[in-house]
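S.K.: Assemble the whole structure, with the sequences as input and the hints as a guide.
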Amino acid sequence: MIKVDNLFKTFGNKQVLSDVSFEVAPGEVLGFLGPNGAGKSTTMRIITGFLEPSAGHVEVCGFDVATHAIEAKKTIGYLPESAALYEEMRVGDFLKFIAEIRGMSGPAQRQALERVCEQCHLESVWHQAIETLSKGFRQRTGLAQALIHDPQVLVLDEPTDGLDPNQKFEIRELITEMGRSKAIVFSTHVLEEVEAVCSRAIVINAGVIVANGTPQEFKARVPSGRMDDFFRLVTLTDTAHPTQAPSSHFNSETHA
Amino acid sequence: MSYLSTTLAITKRELKVYLGSPLAFVFLIAFLILSGIFTFTLGGFFNMNEASLSSFFNWMPWLLIFLVPAVGMRLWSEERRLGTIELLLTLPVTVWQAIIGKFLASWIFLMVAIVLSFPMILTVNWLGSPDNGVIFSGYVGCFLLAGTYLAVSCMASSMTRNQVIAFIFSVMLCLVTTLLGFAPITNLLSRWLTPESIEKVANFSYLSHFDSFQRGVLDTRDIVYFVSTAAFYLFITSLVVRQVRAR
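Chains A and B, in that order, are what the protein sequence lines are. Note that our numbering gives residue 36 to position 36 of the first sequence, counting from 1, and the numbers run on in steps of one. Note that our numbering gives residue 40 to position 40 of the second sequence, counting from 1, and the numbers run on in steps of one.
One thing to keep in mind: the hints can contain errors.
To be verified - Heads up, incomplete: computed chain A residues facing chain B, CB under 10 Å, no partners named:
#: 1; residue: Phe22
#: 2; residue: Tyr78
#: 3; residue: Glu100
#: 4; residue: Arg102
#: 5; residue: Gly106
#: 6; residue: Val155
#: 7; residue: Val222
Unchecked claim - Derived CB-CB ranges, DEER-like:
#: 8; chain 1: A; residue 1: Ser21; chain 2: B; residue 2: Ser5; range: 50 to 56 Å
#: 9; chain 1: B; residue 1: Ile108; chain 2: A; residue 2: Asp164; range: 39 to 45 Å
#: 10; chain 1: B; residue 1: Ile108; chain 2: A; residue 2: Glu88; range: 16 to 22 Å
#: 11; chain 1: A; residue 1: Arg110; chain 2: B; residue 2: Ile168; range: 15 to 21 Å
#: 12; chain 1: A; residue 1: Asn36; chain 2: B; residue 2: Ile168; range: 33 to 39 Å
#: 13; chain 1: A; residue 1: Ser21; chain 2: B; residue 2: Thr220; range: 52 to 58 Å
#: 14; chain 1: A; residue 1: Thr132; chain 2: B; residue 2: Ile165; range: 27 to 33 Å
#: 15; chain 1: B; residue 1: Ile165; chain 2: A; residue 2: Glu87; range: 18 to 24 Å
#: 16; chain 1: B; residue 1: Ile168; chain 2: A; residue 2: Asp19; range: 40 to 46 Å
#: 17; chain 1: A; residue 1: Ser124; chain 2: B; residue 2: Trp62; range: 49 to 55 Å
#: 18; chain 1: A; residue 1: Ser124; chain 2: B; residue 2: Leu179; range: 53 to 59 Å
#: 19; chain 1: A; residue 1: Thr10; chain 2: B; residue 2: Glu199; range: 46 to 52 Å
#: 20; chain 1: B; residue 1: Leu34; chain 2: A; residue 2: Thr132; range: 47 to 53 Å
What the hints assert, rightly or not - Which bits of chain A does chain B cover? Going by a derived footprint, with three or more residues having C-beta under 8 Å, they are:
#: 21; region: 46-59
#: 22; region: 85-95
No wet-lab data here; the hints were simulated from the structure. The C-beta atom is built at its ideal place from N, Cα and C for all residues, glycine as well.
M.R.: Here you go:
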């Protein structure tokens with residue numbers, strides 16, 4: 001459902017992504033891991049059509065994001081990093097605006113608003129301005145915005161960032177539930193989240209995919225059997241012992 | 001979803017932002033007080049001893065140079081500063097829908113402000129019998145002039161995250177282009193340029209084209225001038241917004 005082909009991106013003369021390729025099928029929850037500045041957000045911004053790649057293609061639900069941008073964007077729900085929202089708007093007005101832009105009106109719009117209000121527990125802040133919300137409610141408003149048109153594809157950039165453990169749990173539950181039918185990509189720094197939610201994960205480092213597999217496969221690759229040891233193994237580029245790929249599933253050459 | 005309704009959804013949102021913020025009321029009050037001061041004291045409304053709004057329209061280009069950028073400065077720079085531009089451009093919205101939607105909202109707001117000066121019309125009609133056709137064309141000229149200044153502000157706003165820079169840049173740009181047709185400047189230029197080339201330069205000024213509206217002449221050429229100038233600046237805006245995406 002999401003097909004990313006040989007993506008390259010340079011900012012000025014800085015290579016941010018080089019040759020990133022992966023696919024996500026419906027019913028799959030793909031965890032996107034990597035240190036800060038590895039290119040996670042850039043990849044997501046390219047998938048959602050905010051940034052143009054320097055080279056490569058992205059296809060979402062069969063639509064090329066470059067040539068059929070509007071059709072592709074209709075199928076995507078996107079939660080940008082740290083949920084930049086229209087601060088001065090009230091939660092309800094904001095979601096109504098998104099629904100209007102998404103082409104919903106009348107009873108369909110009302111139903112969609114009621115659905116996301118319930119899914120993301122926004123009843124108590126519905127009439128409150130977004131600038132007055134706590135981090136948790138902001139994030140949930142951002143999520144509600146991404147879910148309003150019941151998209152086939154969800155791209156979530158650090159959806160649990162800055163939330164308390166209970167809120168994190170709720171968001172994970174929501175992702176797991178929706179992951180049964182949708183194709184979901186989400187980025188995170190929390191490694192146990194990947195184990196709890198993802199059917200597959202990709203680790204990206206310095207713009208290069210260094211691992212692509214299931215959390216179980218990852219853990220099997222380090223003696224301790226722990227995710228964070230694996231993460232360190234593949235993302236510390238100055239490591240003395242470069243990782244070897246045990247199967248074609250892993251392309252773990254370290255980035256020069 | 002048709003092309004138009006998406007654009008109008010953006011217009012509606014932007015209008016709500018204006019009306020929901022104190023800026024709108026500060027702007028309206030400033031506009032009405034300043035236009036009143038300019039018309040009745042500096043413009044010498046009573047000394048002219050004639051029932052016309054020429055003293056009102058004379059000052060309009062100068063007043064709008066400062067007030068229109070104040071309305072337009074936030075349009076894109078705020079989206080860039082808050083990062084909401086990412087949200088906007090990942091919705092199924094084309095760059096042109098976003099540009100036109102935002103432009104329309106500000107333009108409607110400006111037109112409402114200009115129309116709220118209607119007590120002036122009542123005043124001259126009460127004091128004498130003015131040519132209301134001239135007043136009408138003067139207002140059309142004001143709408144078009146405000147739209148063109150607004151397009152300049154849109155462009156300036158799309159270029160920076162900083163609203164103050166956007167404001168100053170658009171005021172400068174509007175001022176310079178307006179001054180090209182301002183009598184003291186054209187007189188100064190006449191020292192170096194031939195009258196024909198001065199006329200060509202002045203033709204680029206908003207002032208030369210606004211003048212005919214003030215005289216009650218609705219000339220297609222002037223309308224085309226304002227519309228095409230605004231379209232030009234909005235086109236540059238679209239290039240800048242696309243550039244933000246390509247970086």
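S.K.: Each of the hints needs a verdict: does it hold here or not?
M.R.: Hint-by-hint comparison with the structure:
Interface hint at Phe22(A): violated, since its Cβ lies 20 Å from the closest Cβ of chain B, which is beyond the 10 Å cut-off. The restraint placing Tyr78(A) at the interface with chain B holds, with a minimum CB-CB distance near 5 Å, inside the 10 Å limit. Because the beta carbon of Glu100(A) sits about 4 Å from the nearest beta carbon in chain B, less than 10 Å, this interface hint is met. Contact between Arg102(A) and chain B, as hinted, is supported at the beta carbon level, the nearest pair being about 7 Å apart and thus within 10 Å.
For Gly106(A), the suggested interface contact is broken, since its CB lies about 13 Å from the closest CB of chain B, more than 10 Å. Interface hint status for Val155(A): upheld, as the beta-carbon distance to the closest one in chain B is roughly 9 Å, under 10 Å. For Val222(A), the shortest C-beta to C-beta distance to chain B is roughly 36 Å, which exceeds 10 Å, and the interface hint is violated. Take Ser21(A) and Ser5(B): their Cβ atoms lie about 37 Å apart, and the range 50 to 56 Å is violated.
A C-beta distance of roughly 43 Å is found between Ile108(B) and Asp164(A), which places it inside the suggested range of 39 to 45 Å. One distance hint, 16 to 22 Å for the beta-carbon pair Ile108(B) and Glu88(A), holds here, with the actual separation near 19 Å. The given range of 15 to 21 Å is broken by Arg110(A) and Ile168(B), whose C-beta atoms sit roughly 45 Å from each other. Judged by the Cβ atoms, the range 33 to 39 Å given for Asn36(A) and Ile168(B) holds: they are separated by roughly 35 Å.
For Ser21(A) and Thr220(B), the Cβ-Cβ distance of about 56 Å falls inside the hinted range of 52 to 58 Å, so the restraint holds. Distance hint for Thr132(A) and Ile165(B): a CB-CB separation of about 29 Å, consistent with the stated range 27 to 33 Å. For Ile165(B) paired with Glu87(A), a C-beta distance near 21 Å keeps the hint of 18 to 24 Å intact. As the Cβ distance of Ile168(B) to Asp19(A) is approximately 44 Å, the hint placing it in 40 to 46 Å holds.
About 50 Å separates the C-beta atoms of Ser124(A) and Trp62(B), a value consistent with the hinted range of 49 to 55 Å. Roughly 56 Å separates the CB atoms of Ser124(A) and Leu179(B), a value that falls within the hinted 53 to 59 Å. Separation of Thr10(A) from Glu199(B) is about 49 Å and conforms to the stated range, judged on CB atoms against 46 to 52 Å. Separated by about 34 Å at the C-beta atoms, Leu34(B) and Thr132(A) break the suggested range of 47 to 53 Å.
For the region 46-59 of chain A, the stated coverage by chain B is satisfied: 5 residues place a CB nearer than 8 Å to a CB of that chain, which reaches the threshold of 3. Counting residues of the region 85-95 of chain A whose CB lies closer than 8 Å to any CB of chain B gives 6, which reaches the minimum of 3, so the coverage claim holds.
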